[in-house]
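Chemist: Read off the chains here:
Protein chains: 2
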Amino acid sequence: MNSFTSAEPVYLRLAAVLEGMIHNRTFSPGDRMPSVRDFSRQQRVSVPTALKAYVMLETRGLINARPKSGFFVRPRQADLLREPSDVTAAPKITEISATDPLDSVLSDHGNKKLVPLGAAIPNYSLLPAEKLARTMGAIARKLGSESIGYDMAPGSEMVRREIARRSLSWGCSLKAEDFIITIGGTEALALALRATSKPGDTVAIESPTYYGLVHMLRELSLNVLPVPMDGVNGIDVNALERAVKRTKVSACVLIPNFNNPTGALMPDENKQRVVEFLAKRNVPIIEDDIYGDLQHDGMRPHCLKKFDRDGNVLLCSSFSKSLAPGYRVGYIAPGRFYKRVMLLKKASTLANSSLPTLAVGEFLRDGGYDRYLRGLRATYKDQVARMREAIAETFPEGIGLSRPTGGFVLWVELPKKTDSIELFRQARAAGISIAPGPLFSAEGGFRNFIRLNCGEPWDARIERAIGILGHLVERLSNR
Amino acid sequence: MNSFTSAEPVYLRLAAVLEGMIHNRTFSPGDRMPSVRDFSRQQRVSVPTALKAYVMLETRGLINARPKSGFFVRPRQADLLREPSDVTAAPKITEISATDPLDSVLSDHGNKKLVPLGAAIPNYSLLPAEKLARTMGAIARKLGSESIGYDMAPGSEMVRREIARRSLSWGCSLKAEDFIITIGGTEALALALRATSKPGDTVAIESPTYYGLVHMLRELSLNVLPVPMDGVNGIDVNALERAVKRTKVSACVLIPNFNNPTGALMPDENKQRVVEFLAKRNVPIIEDDIYGDLQHDGMRPHCLKKFDRDGNVLLCSSFSKSLAPGYRVGYIAPGRFYKRVMLLKKASTLANSSLPTLAVGEFLRDGGYDRYLRGLRATYKDQVARMREAIAETFPEGIGLSRPTGGFVLWVELPKKTDSIELFRQARAAGISIAPGPLFSAEGGFRNFIRLNCGEPWDARIERAIGILGHLVERLSNR
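Chains as they are written, first to last, in this note's numbering: chain A, 1 to 479; chain B, 1 to 479.
The set of hints was computed from the structure by calculation and includes no laboratory data.
Take the hints with a grain of salt, since some may be wrong.
Since the list can't tell identical chains apart, any single copy or any two copies may satisfy a pair.
Result set (SDA-like, lysine to any residue): computed pairs, CA atoms no more than 20 Å apart in a straight line [stated by the list, open to error]:
(1) K68 with V36
(2) K175 with E362
(3) K68 with D370
(4) K175 with A16
(5) K248 with N223
Kindly produce the complete structure, drawing on both the sequences and the hints.
Modeler: Laid out in structure tokens, this is it:
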């Protein structure tokens with residue numbers, strides 16, 4: 001950074017440092033610069049030397065002095081021009097890198113220029129943002145100075161008890177002490193994997209599976225044993241049993257309820273059989289139940305955890321799909337791995353953000369969650385149904401289309417020859433974000449599949465996007 | 001959990017499940033039970049069967065029905081009695097387990113019955129809780145439904161730019177793109193270690209060092225190369241150079257500014273020498289600067305990062321010691337390890353809690369932070385000075401006592417024979433939490449040392465606690 005060996009005068013070096021920070025917009029036009037006095041102290045130079053650097057920047061038109069209020073960054077001439085409209089309108093195309101599948105699809109979600117059919121994120125207007133924020137404010141006022149205090153792992157007892165009460169609807173009867181609050185479902189899964197498996201171990205997963213999981217397994221240097229599944233009943237239990245008998249696995253990760261991406265729902269008898277089989281072989285099950293609360297009709301499906309008699313199931317979930325993605329409130333009930341997961345949680349993040357966690361707990365406690373969920377389920381059901389219809393109307397014949405009974409994603413099998421990575425690129429250039437199939441596979445499979453997010457309220461923009469996608473698929477499948 | 005093979009009537013099994021959840025207080029006295037209808041659906045039984053279970057619980061006096069509002073848990077007779085006063089007054093003593101040094105000291109901090117001299121946590125009343133909460137509320141109102149949205153890694157550009165601006169006072173000129181926001185300093189350190197080192201590698205650390213780091217190294221299966229330091233100038237640079245020449249290390253973790261626990265401050269020439277030496281040997285430096293903003297007088301010390309020319313320094317810090325521990329806002333500037341740290345962040349927690357992060361950014365932006373820091377530094381300085389005086393007056397002769405020029409902890413060397421673990425136990429029984437020396441060592445060293453937290457405003461309670469500690473030390477050192 002700063003050079004001590006250089007022979008150039010100190011003020012030149014200081015001016016260059018500030019110029020760099022103005023150029024890269026660490027200090028942007030209109031910003032107040034540090035006072036000359038502060039800057040001289042920070043840089044361990046005299047006030048006249050610091051002032052010389054400032055005067056030099058002023059001479060060069062980068063900053064100007066305002067009487068009694070200091071130096072400010074000047075607007076640059078170039079900033080006063082508007083950008084040509086087609087530059088701002090065209091989304092920047094970046095490659096999906098082989099090492100980071102999350103990058104493009106996740107970061108595209110924040111890009112207002114793209115129709116967000118890629119990441120599985122609900123439209124924020126469907127979620128109770130105002131109510132949660134008000135609740136958080138009320139809690140902060142009640143707690144006073146304690147509101148900036150730690151909520152050390154395992155996290156607020158109130159919140160854990162509220163989650164424990166909900167476990168009745170999962171077919172369980174868990175208690176507050178069974179849970180650890182985590183930074184969303186992501187941390188829950190990561191802790192579960194680290195508690196059960198070490199680098200070089202092999203983990204059985206569904207194929208296809210959640211792309212965040214694929215990414216996580218790679219970062220943890222874990223090998224993957226993909227087990228086929230079908231879009232209705234989930235993992236092929238016979239195939240799983242054969243695979244586990246043949247290959248030593250350290251854990252098995254399952255998304256039994258409204259699987260991501262297929263939407264499959266494992267029947268209770270399959271759940272029980274898998275739990276009992278893997279318990280007998282001492283293979284821990286990591287259950288991702290993040291969509292479990294989002295059935296479209298009827299009863300909330302039960303968890304694998306229901307059939308767990310010896311703490312072999314590590315149940316992971318969060319409120320990111322149903323309440324507040326950005327609050328980062330998830331949980332894990334790690335069974336016999338409780339102690340190990342606690343140690344890892346403390347060595348990874350120590351505590352959750354207190355106020356957002358308490359606000360979610362309060363939302364669960366005041367009874368509003370169930371009423372609210374009923375509305376959300378109906379909305380997701382409707383959005384999924386409309387997208388299914390639109391796809392059926394506009395996509396070429398012969399495609400396959402999932403028929404999920406919960407959650408808000410669709411898994412689409414395109415004609416054999418269609419390259420979904422190429423489709424992803426062309427769709428992105430046309431202003432539409434989608435998730436190509438290979439992201440959901442550790443081996444780059446599902447080349448002719450895509451996943452579509454139905455978390456957005458149905459409107460003409462999405463209708464058009466599906467029309468364009470249909471057209472692109474048609475063209476690509478005939479090449 | 002639920003049994004499918006049992007021959008007992010279903011309602012008996014259901015009643016037993018609910019009774020268990022009432023007994024363990026998942027449902028507490030006064031709580032409303034799930035409606036009979038909801039419960040029958042959750043359990044996949046008929047309404048009459050569910051009702052039979054409820055009636056049975058009612059007959060046994062566990063719940064009672066209120067017309068038109070459902071069943072409620074009855075207060076138990078035992079709950080109406082007060083606890084004998086000496087039971088509530090006596091803090092529960094638990095052992096510090098060898099595998100989890102964090103447990104006792106950290107969880108004791110929340111225990112109002114103990115004088116909190118153990119964990120290094122400021123008294124929350126010193127921190128701007130109300131202002132931050134109000135700021136968070138204002139941001140939530142402004143963002144509307146976007147307020148529950150993700151702030152995906154690397155985190156808000158505004159917040160990263162505000163931190164980048166502050167880097168001038170560290171002797172650096174970093175830009176927003178150099179930073180990733182993390183879940184407190186804990187996640188920053190954990191990501192830095194995981195990005196540079198793999199299980200089985202050896203990491204050079206200061207001895208003594210922060211106990212959270214000792215815990216983290218153990219959980220990551222990393223070996224430790226402890227390098228001696230002194231309480232004034234920090235790590236012994238000659239010893240570090242010799243050690244690194246002799247032993248292959250994957251990284252070196254340093255707390256150069258107001259070291260925890262010793263309070264040492266590395267002189268700039270030592271900083272430069274260490275950075276240049278380790279860069280030449282390609283050993284990454286993980287710099288923990290969490291106390292850097294808290295000098296008692298004069299200028300903010302510079303960071304190792306200032307001397308970093310090739311991205312070899314991973315700078316880690318947070319606002320947990322200066323603004324809001326429970327908001328969990330930290331950051332890392334990982335230099336040449338940026339890409340790897342980003343991948344690990346996404347695979348560990350994906351995003352930070354948005355609103356607390358933005359509130360901290362706003363606090364930095366509006367210029368209040370510097371003014372506020374001036375007051376906080378004076379407070380910490382005063383509290384440290386008072387505790388030093390009290391120790392000098394009440395502890396036996398011949399002890400050593402650190403003289404920190406920043407931060408808010410004291411490191412005390414007791415007479416050789418004093419066992420600080422035993423002192424910890426006796427102090428705890430007397431209502432005082434302290435941090436015994438062996439927590440700060442990977443090999444259980446520093447048996448006759450303790451660290452004291454000066455984050456609490458000085459008052460008679462602390463004065464008394466120091467008196468009692470002095471007495472206990474006296475007694476233990478004469479055994």
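Chemist: For K175 and E362, with the copy left unspecified, which applies at a CA distance of at most 20 Å: within, between, both, or neither?
Modeler: within (17 Å within a copy, 39 Å between copies)
Chemist: Regarding K68 and D370, is the shortest C-alpha distance of 20 Å or less found within a copy, between copies, in both, or in neither?
Modeler: between (58 Å within a copy, 19 Å between copies)
Chemist: Give the relationship of K175 and A16 under a CA distance limit of 20 Å: within one copy only, between copies only, both, or neither.
Modeler: Answer is between; shortest inter-copy Cα gap is 14 Å, intra-copy 60 Å.
Chemist: When Cα atoms must be at most 20 Å apart, do K248 and N223 count as within-copy, between-copy, both, or neither?
Modeler: within (11 Å within a copy, 28 Å between copies)
Chemist: With 20 Å as the alpha-carbon cut-off, assign the pair K68 and V36 to within, between, both or neither.
Modeler: within (12 Å within a copy, 72 Å between copies)
The structure meets every hint from the earlier list without exception.
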